[in-house]
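Participant: Next come the chains, spelled out residue by residue.
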Amino acid sequence: MKKGPSTTSFFINGLLLVICLIWTLPTFGLLMTSFRDRDVVSKTGWWTTLTRPSQANLTIDNYKQVLSGKKITLVDHKGNKRTVRGDNLNRAFLNSLTVSIPAVVIPILIASFAAYGFAWMDFPGRKILFIIVVALLVVPLQIALIPLLRDYGRLELTGTFLAIWLAHTGFGLPLSVYLMYNYISQLPRSIIESAIIDGCSHFGVFWKLILPLSVPAIASLSIFQFLWVWNDLLVALVFIGSKPGVEVLTQRLLYMIGSRGQDWHLLCAGAFVSMILPLTVFLSLQRYFVRGLLAGSVKG
Amino acid sequence: MAGVKLEKLEKTYPNGFKAVHGVDLNIKDGEFMVFVGPSGCAKSTTLRMVAGLEEITGGRIYIGERIVNDIEPKDRDIAMVFQNYALYPHMTVYKNMAWVLKLKKTPKREIDQRVKKAAEILGLTSMLNRKPKQLSGGQMQRVAVGRAIVRSPKVFLFDEPLSNLDAKLRVQMRVEISKLHKKLKNTMIYVTHDQVEAMTMGDRICVMELGRIKQVDTPTNLYNFPANTFVAGFIGSPSMNLIEARLTFENGVCYADTQNMHLRLPDEIGRKVKTYDGKEVFLGIRPEHITSKMANKEAIDNFFKAEVLVVENMGNEVFIYFTLDNNQYIARSDPSIRIKSGDRHEMWFDTRYVHLFDRKTKQNLIHKPKTG
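Residue numbers (this note's numbering), protein chains in the order written: chain C, 4 to 303; chain D, 902 to 1273.
Just to be clear, a hint being listed does not mean it is correct.
[As the list claims (entries may be wrong)] Computed Cβ-Cβ distance ranges for the label pairs, DEER-style:
#	chain 1	residue 1	chain 2	residue 2	range
1	D	D1067	C	P29	53 to 63 Å
2	D	S1064	C	T30	51 to 61 Å
3	C	M124	D	D1067	28 to 38 Å
4	C	L100	D	E911	36 to 46 Å
5	D	P990	C	D125	16 to 26 Å
6	C	M124	D	S1064	44 to 54 Å
7	D	Q1073	C	P191	48 to 58 Å
8	C	F126	D	K1003	27 to 37 Å
9	C	M124	D	N916	14 to 24 Å
10	C	P56	D	P990	22 to 32 Å
11	C	K84	D	H991	39 to 49 Å
[Said to hold, decoys possible] With a Cα cut of at most 20 Å, we get these calculated SDA-like pairs of lysine to any residue:
#	chain 1	residue 1	chain 2	residue 2
12	D	K1005	C	L176
13	C	K211	D	N1227
14	D	K1003	C	I63
15	D	K1006	C	F206
16	D	K996	D	L1029
17	D	K1034	C	F206
18	D	K1006	C	W210
19	C	K73	C	Q58
20	D	K1032	C	P215
21	D	K996	C	W210
22	D	K996	C	P215
23	D	K1175	D	H1190
24	D	K1194	D	G1179
25	D	K1032	C	I146
FYI, nobody ran anything at the bench for these hints, they're computed from the structure.
Keep in mind the model is a prediction, meaning the values are calculated, not measured.
Just so it is clear, CB atoms sit at the ideal spot from N, CA and C, and this is done for glycine as well.
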């Protein structure tokens, strides 16, 4: 009897290991390549960095080039100078941040308000409204792109940050409301009633009780929403278009693939620039991430 | 301080279910009133209507002289203690207690004084900086009580505050709340399903069933003079034996008859039920009024052979479960009596303490209740 579980766990662990390798190995390769000289990239594989470290010639020039917005002069390991035009990911990185932060804060704030209303306030049509909001989960956002673009055109919003904040807010709300509702409706009723007897208004209850108590749910939802917005290309492409100076990272990367399809060293560096923030966010908040996935399904 | 008066109080839910059917109750200023009843008897709903958490669909509630039907919970001058404590988990004990005063814009120094005084009364002084999750159940409940005390409300409302605690702690907190009432002398309304809590704590007890008041009286009166079969069966543990019997009069003496039993009732009882000659009634007798014949050797009548089913020894007393005429009875007896399960044994019924209830109205025929 004892043998069963141990073989099972052996297989499970083995499988997990394989999955991890399948994911990590190319990523690691990407990371290595992003630090390699452009001449070496076309001649040898990234693993030679590990097998023959003496010939690796690791450099941060690739990053300098992709990040910079101007023409810069790079000196390679042989001392040759060359002047290249930067890909301006620096600017795109800031743009992505400018898009992502409000596009995370706004929908989650609205969703928390809505979730509190749906969970704890009595008003006519509450159930049907909630069902409608949740039903919107199944509507693909692509359906809304063209009508929205038309309206934005009329309002002269196209190509502005406001346009994309609003779009992400709208697209993110159904899931956010649903997840926040699941969490907030599980909070004990008596806490809220107690606060009401203490003399708190609904707004006070929300602000002083519900928000502080919902931190785990808000954190996990923020991660989801942030990853979605940060990695989004479609919405950005539609509503920002090719307006220079407003482009986000994903758009710049797409552009780089077009213009520098052969320059793997630059593409790898670019890819890593776009990965670095989600990776940091995930690693620093992973505690909430795991807990947040369970939000609503398991009590406590 | 103020009393609470319920006048024809009704609660009908939007789906048409009527939970409270015209409850009338006058709770005196400074009184400890306990609402007790089985689950679903609307005791909590009634309390929540007093608190203002549940809309009143009929009747009136007075707190003091004021009708509070349309007054917000916060303006009713009440404090409520919930079953699951309802502490704010992200605030320290101090902040939990101070919050309500802060919302009322009380000066900081006064907040500090009142919180510290409440903490002292409840023995929480050393825990003021802890978060609720660092406290035990009993401590959390004390914080919840403390939160009520700092408001110095006219009326305290307790909604089954002890049912989340373990048995030992419950007894301890029961005493503490009673002591608190003696100290503060506020009006308190206490909801519980536990009749032991009700009996030990209440100045008066309001027994409810299915949204109606069955009897309101002091614990002693409820126990000794239950108004109807419901109260008779609900109050007292183990509960009163209730059996179907027929009353007959032979030469002016009243007897209660079942299949094999011919219980002679005292004359004073007989006088009160003269009109029930030949009628079916419920006969109620508490377990302590049935004993083994061995314990009362002088008895000349009212003993019957019964089959002992189970004997439960509690140490200080024994409960004897036995059957007679297909009815199951329970008797409470001295542990010195040697009875085993399976014995056939003569049980003696002390008929001075029997109750008779009308079969239809289920009202007590001997003791007419005083109205509360």
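Participant: Hint by hint, note whether the structure agrees.
Facilitator: The hints, checked one at a time:
A hinted range of 53 to 63 Å holds for the C-beta pair D:D1067 and C:P29, which are about 57 Å apart. The hinted range of 51 to 61 Å is satisfied by D:S1064 and C:T30, whose Cβ atoms lie roughly 55 Å apart. Hint check: C:M124 to D:D1067, Cβ distance near 36 Å, so the stated range 28 to 38 Å holds. The supplied range of 36 to 46 Å is broken by C:L100 and D:E911, whose beta-carbon atoms lie about 59 Å from each other.
One distance hint, 16 to 26 Å for the beta-carbon pair D:P990 and C:D125, holds here, with the actual separation near 25 Å. A hinted range of 44 to 54 Å for the beta carbons of C:M124 and D:S1064 is inconsistent with their spacing of about 28 Å. Checked against the hint of 48 to 58 Å, the pair D:Q1073 and C:P191 fails, with Cβ atoms roughly 24 Å apart. With their beta carbons about 29 Å apart, C:F126 and D:K1003 fall inside the hinted range of 27 to 37 Å.
In this structure, C:M124 and D:N916 meet the distance hint of 14 to 24 Å, their C-beta atoms being roughly 19 Å apart. As the Cβ distance of C:P56 to D:P990 is approximately 53 Å, the hint placing it in 22 to 32 Å is violated. The hinted window of 39 to 49 Å between C:K84 and D:H991 is violated, with their beta carbons roughly 60 Å apart. Straight-line distance between C-alpha atoms of D:K1005 and C:L176 comes to about 36 Å, which puts the hinted pair past the 20 Å bound.
A C-alpha spacing of about 62 Å is found between C:K211 and D:N1227, which places the hinted pair above 20 Å, so the restraint is violated. Distance hint between D:K1003 and C:I63 is unfulfilled; the C-alpha atoms sit about 57 Å from each other, more than 20 Å. Taken as a hint, the D:K1006 and C:F206 pair is honoured in the structure, with Cα atoms around 17 Å apart against an allowance of 20 Å. Straight-line distance between C-alpha atoms of D:K996 and D:L1029 comes to about 8 Å, which keeps the hinted pair within the 20 Å bound.
Pair hint D:K1034 plus C:F206 does not hold up; C-alpha atoms about 26 Å apart against a cutoff of 20 Å. Taking the CA atoms of D:K1006 and C:W210, the gap is near 18 Å; set against the 20 Å cutoff, the hint holds. For the proposed pair C:K73 and C:Q58, the alpha carbon gap of about 30 Å is over 20 Å, so the pair is violated. Restraint check: the Cα-Cα separation between D:K1032 and C:P215 comes to about 14 Å, which is no more than 20 Å; the hinted pair holds.
Straight-line distance between C-alpha atoms of D:K996 and C:W210 comes to about 16 Å, which keeps the hinted pair within the 20 Å bound. With a CA separation close to 14 Å, the supplied pair D:K996 and C:P215 stays within the 20 Å bound. Between D:K1175 and D:H1190 the CA atoms are separated by roughly 24 Å; this puts the pair beyond 20 Å, and the hint is violated. For the hint linking D:K1194 to D:G1179, the alpha-carbon distance of about 29 Å lies beyond 20 Å, and the restraint is violated.
This hinted pair does not check out: D:K1032 and C:I146 have alpha carbons roughly 49 Å apart, beyond 20 Å.
Going down the numbered hints, you'll see the structure goes against 4, 6, 7, 10, 11, 12, 13, 14, 17, 19, 23, 24 and 25, while the others check out.
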